[in-house]
Each structure stands twice: as C-alpha cells, then as structure tokens.
Amino acid sequence: MTLNQLTAHEAINLIKKKRITAYEIMQDIFNQIDKVDNLIKAFLVINREEALIQAKEIDKKVKNGEKLPPLAGVAVAIKDIIATRGTETTCGSKILKGFIPPYNATVINRLREAGAIIIGKTNMDEFAMGSSTENSAFGPTYNPWDLERVPGGSSGGSTAAVAADETFVALGTDTGGSIRQPASLCGMVGLKPTYGRVSRYGLVAYASSLDQIGPITKDVTDCALVMKVISGHDNMDSTSVNLEVPDYLKSCQEGIKDLKIGVPKEYFIEGIDPEVKGALDKALKIFEKLGAKIEEASLPHTEYSLPTYYLIATAEASSNLARYDGVQYGYRAEEYEDLSSMYQKTRSEGFGSEVKRRIMLGTYALSSGYYDAYYLKAQKVRTLIKEDFDKVFSKYDILITPTSPTPAFKLNEKVSDPLTMYLSDIFTIPINLAGIPAISINCGYSKSNLPIGLQIIGKHFSEETILRAAFNFEQNNSVEKKKPSIKPVKHKGAKK
Amino acid sequence: MTEKIITKKEVEYVAKLAKLEFNEREKEEFTSQLNSILDYFKKLNKLDTERVEPTAYVISMPNLLNEDEVKPSLPQEEVLSNSKYVKKGYFKVPKIM
Numbered sequence: 017m018t019l020n021q022l023t024a025h026e027a028i029n030l031i032k033k034k035r036i037t038a039y040e041i042m043q044d045i046f047n048q049i050d051k052v053d054n055l056i057k058a059f060l061v062i063n064r065e066e067a068l069i070q071a072k073e074i075d076k077k078v079k080n081g082e083k084l085p086p087l088a089g090v091a092v093a094i095k096d097i098i099a100t101r102g103t104e105t106t107c108g109s110k111i112l113k114g115f116i117p118p119y120n121a122t123v124i125n126r127l128r129e130a131g132a133i134i135i136g137k138t139n140m141d142e143f144a145m146g147s148s149t150e151n152s153a154f155g156p157t158y159n160p161w162d163l164e165r166v167p168g169g170s171s172g173g174s175t176a177a178v179a180a181d182e183t184f185v186a187l188g189t190d191t192g193g194s195i196r197q198p199a200s201l202c203g204m205v206g207l208k209p210t211y212g213r214v215s216r217y218g219l220v221a222y223a224s225s226l227d228q229i230g231p232i233t234k235d236v237t238d239c240a241l242v243m244k245v246i247s248g249h250d251n252m253d254s255t256s257v258n259l260e261v262p263d264y265l266k267s268c269q270e271g272i273k274d275l276k277i278g279v280p281k282e283y284f285i286e287g288i289d290p291e292v293k294g295a296l297d298k299a300l301k302i303f304e305k306l307g308a309k310i311e312e313a314s315l316p317h318t319e320y321s322l323p324t325y326y327l328i329a330t331a332e333a334s335s336n337l338a339r340y341d342g343v344q345y346g347y348r349a350e351e352y353e354d355l356s357s358m359y360q361k362t363r364s365e366g367f368g369s370e371v372k373r374r375i376m377l378g379t380y381a382l383s384s385g386y387y388d389a390y391y392l393k394a395q396k397v398r399t400l401i402k403e404d405f406d407k408v409f410s411k412y413d414i415l416i417t418p419t420s421p422t423p424a425f426k427l428n429e430k431v432s433d434p435l436t437m438y439l440s441d442i443f444t445i446p447i448n449l450a451g452i453p454a455i456s457i458n459c460g461y462s463k464s465n466l467p468i469g470l471q472i473i474g475k476h477f478s479e480e481t482i483l484r485a486a487f488n489f490e491q492n493n494s495v496e497k498k499k500p501s502i503k504p505v506k507h508k509g510a511k512k
Numbered sequence: 304m305t306e307k308i309i310t311k312k313e314v315e316y317v318a319k320l321a322k323l324e325f326n327e328r329e330k331e332e333f334t335s336q337l338n339s340i341l342d343y344f345k346k347l348n349k350l351d352t353e354r355v356e357p358t359a360y361v362i363s364m365p366n367l368l369n370e371d372e373v374k375p376s377l378p379q380e381e382v383l384s385n386s387k388y389v390k391k392g393y394f395k396v397p398k399i400m
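Chains as they are written, first to last, in our numbering: chain A, 17 to 512; chain B, 304 to 400.
The set of hints was computed from the structure by calculation and includes no laboratory data. Treat the hints loosely; a few may be bogus.
[Stated by the list, open to error] Distance condition first, Cα-Cα at most 30 Å in a straight line; then the derived DSS-like pairs of lysine-lysine:
#, chain 1, residue 1, chain 2, residue 2
1, B, Lys395, A, Lys361
2, A, Lys411, B, Lys346
3, B, Lys391, A, Lys361
4, B, Lys319, A, Lys361
5, B, Lys346, B, Lys311
6, B, Lys391, A, Lys113
7, A, Lys32, A, Lys76
8, B, Lys312, B, Lys349
9, A, Lys396, B, Lys391
10, A, Lys33, A, Lys76
No experiment lies behind these values; they were computed from the predicted model shown.
This is chain A alone, in the form it adopts within the complex (with noise of 0.2 Å):
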C-alpha cells in the first residue's frame, strides 16, 4: 500500500508520530497523480513545487516539536470555481482561462492556516452547471470504477481525485446536488453544509441563494475533520451565518440509539434503479439495528422541485453571469464592431452551450411580462418545498434517501437531452431549496461494480446529527471496502 492511499486522519496520525513524513506523503501523492490521471484527468493544474514546500515545512515543525495544527500535511485539491491566489482559476469555462485571481477564498485561507496543503484545481462542469463534467471546456473527467462513465457532477474532478487517492481530500460546491451525485457515483463521502455555514467568499457564484462549498472525503471522519476547519462565520460574507461551529468529530462517535428517521416515500419513484432501492433497504435495516426508529414520512411538494430549482438557479445565474463581458478579466473577442457586439461575441464565444441554455432561461423567467408567472411563481413553490421539510423535521432527526437514481451512466448517454440530465439531480435539488444540510455515502456497489449512495439529511444546521448517522452507519455496515481498479478501457474498435 502507499501513502496517498490513507484517509486524511490516518496521515495526520502518522505524521505526528513522527513514523512518516509530509514530504514522503507528498511524493506518493504525485507519484499517483503522474500514474492515473492522463487516464482520469481529473486535475486541471498541479502544483507541485509548492506543495512539496509545504510538506518540507510542515516536517520542519514537527522536528522541532511544534503544535501541529489540526490538518498538517493533509493534500487538498480544490474545485475550479473557487478562488486561489496566484494560481489560475477557469471554473471549467474558455472565459476565464488564463484568470488568475489576487485574492483567496475564505476557504482558502482556513485550509492552510489549518497545515493543509493545497495541491492544485480540479475540473468541473463549466460554471457548475451539470452533472456529469461533460460540460468542461477542457474534457471531461472519467469516473475511476469504470472509466466509461462519468463521475457526475459538476465536483467530478474533486470527487473522481479523492476516488483514485490523488488527494486525501478536496472541496467541492453544492447548489442542486453538485457535491453528493458525483460522490454517490464514485462511492466517496461528500457533504452539502446547511445555506451559510460555510463562507462563499471567493466562491465563484452560479445561484447565490443555492450555492454552498463542502468537503468530499473517503469517510466520514475526514468530513468532519474538514468541516470544522472550514466552516464558521465570515464578515466578508453577509449570508453567513454567526453560530459556532461544533466538534463534528466528537458527536460523530456517540450513537444513534432512539434517532427518528423518515423515509419520505416521494424518493421511491418509478425509474429508480432496482438495484439503488435494494441497496437502499439493505441500508436501512442497519439503521434499525443499530437502534434507530424508521417511519415511512411524506414531502408533498417533492415533484415541483426540479422546475422551482431550474427557474431560481438559471435567474440568479444569469444575473451573476452577467459581470464576464472580457472588460476587466478574462477572455474577450478578437472581432467586434463596437462594444455592444464585444460583449455579445465575448459571451458567445467564451461560453458553452448549457451555460448559454441556462442564461437565456433565466433571463426569459426574469424578463418583463413573465417574471410572475415563472420566476415568482417559483420562489412561492420554494416556500412549499421548504414548509414540507419543515413539518418533517419536527417529527424525525433526519430523513434518508437514496442520493442518485442510478449508479454512474456512461459518457454522451445523456447530453443530448438537457431535461434528462436535469432528472439525475431529483433527489438533492430540494435540499438545496430548503437550504439544510445533507451528506451522500456509499452504501453499496450494483453487479457491475458501480457504487450506490445513500443520502441523510438533516435540519437546518444539524450537521451534528447527519455526520453522527452516517459514521455509525458507516462504522457497522457490510459493505466491502474497496478501492476502484482505474483500468483503461479496451475499445473494441469504438469510435473515440
């Protein structure tokens, strides 16, 4: 076995016991990266140099016996769409290539105070908008169990990285679900924090009131490791909010005796897989064994979720999208007649076409003579959605659904179809309506070997109690413990 093989809270260990160093971590890392990912190809820059700096100063504190601080030596790969000083951010769009942003995220700057060590930027559907990473501009990143399929999205360079140990560790963002599909379709732990938890300074916004960043880990213990070092308040962010921020690793370990959870029977739908809703109910008898109480719950609303995201999320987005018209950063047109025309061939050019398809819809929704019926309109079914958990969450702890209808599909199935791929997000676009937090872990494999994820949610600021679910769950279940093979695929004469 190798080093980059180990969970985050295993290397930490090691390290200060002194029985390996940061640096030889560091190596094993790369040297995977340089192995797997022309196959995976889930990075979009490394930073080498300076990562094996800091894993050099990091021994250095160790030598001299220093405190270490709470993720010394710790190998982060951060989601293209957040900002890093010095080093180029794209959010997987042809309009920022080349932008390298002066400041870093809050998120940024809490990772390395806390000795983390951000080894580079991984790929991403282009704006976060999708679900599989076929929207990058760059390629997309294959899924480590089957490299013929996706690894979801759009975390699903973050999330196939942690798959494949290039990284212990990575951040992800989460605005209808973009965090907890790709980590349910490549069998990692990946949690969306309650709407203000986490600061978005810095974080490149596609729906401000949807967008959150949160970890995607290979257990639950690196997830609430993380989460304690990122989450918190930040005046540089007004939508964050001011509570303090709990010891998620300690209330993990406590049990879950007596906890009340709801299966809302809305998530059991025709076109779930047989094979996701078996592992589903294999999973919730471990649940009840280990002493929790399981009750069939409703959320009425459920089936008006995807048309209220897609009519908020495309609004706010065209509105943020706004500000790249390759005036100050980023790409610009070569050709234009004028200003007007260099705004108009900027964007077309710069952009894809499902951030294109998204901007014109929200603009559409927002525009005079229809912003009542359509964008309005869903803001009120929003309140509904959020009133239905609401109700929930006063008689159960948490709810438990699956995260993703099916295991990982193969690439190009559904591109052609926007609405098809819209309906991979079904189960995770009303959390991010609500604004409560919720976690994806895997909870078993299909016959052909393709991870399952299960998804406990929780209310609003109950981090607490989903982690502590899913560790006990994590920590009793029968699942196998495996590592993807990241085999290349032998095209039987295929087109490429």
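Following the hints, complete the assembly by docking chain B onto the known chain A.
Relative to the frame of chain A, chain B by itself:
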C-alpha cells in the same frame, strides 16, 4: 405536438437582453429545447400559491452590515493584471460614443 410557448423571435429578444448571439441552427435548437423545458415547468401552475410568500433567502437572519471603515484593498497593478487591454491605469474598451 406541444403548443409553442416561446417563439424564435422571443428567443432572439432574450438573447439580446443576455448579450448573447446565435446562428440560425442554434436559434432553432434553443427554441426547441427551451420549449420542452418550459413545457415541463407548466406543472407549477397546478399549485395554488395565491396566499404564499416567496422565499428569497432560506435562513431567517437580519440584514447584516459592516462598519463603514476604510481598510486596505487590492493594489491597482493587481487589479489590472488580468487584462492585456490596459493603459495608464484604465481598462481599454471600444469607443462608447
């Protein structure tokens, strides 16, 4: 065949608002895709939201303001560093008038 919700002319108008331009093929494709999507959205009309308040912000928090104090900001060269169209501290753009 579903009734057209948005016409090609409306697509052209929305594109103008969004400062985007499309060729004929793209306009046809967008018109068709947007129509399917908007048709799917019709289901929201099944809900009676007459007496429902819209949600713009999910957490019930007051509007927070910082003190109006001047703090160090970014140096000008850094702000200008991401564009190659720069002159004497300004960003250069095509003539407006």
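Okay, the hints, checked on the actual structure:
1. B/Lys395 x A/Lys361: 17 Å, holds
2. A/Lys411 x B/Lys346: Cα-Cα ~29 Å, so holds.
3. B/Lys391 x A/Lys361: 26 Å, holds
4. B/Lys319 x A/Lys361: 12 Å, holds
5. B/Lys346 x B/Lys311: 23 Å, holds
6. B/Lys391 x A/Lys113: 25 Å, holds
7. A/Lys32 x A/Lys76: Distance of about 12 Å is within 30 Å: holds.
8. B/Lys312 x B/Lys349: Holds: B/Lys312 and B/Lys349 sit about 28 Å apart, inside 30 Å.
9. A/Lys396 x B/Lys391: Violated. A/Lys396 to B/Lys391 sits at ~49 Å, over the 30 Å cutoff.
10. A/Lys33 x A/Lys76: Judged against 30 Å, a Cα distance of about 14 Å means the pair holds.
Hint 9 from the list above is the single one not met by this structure.
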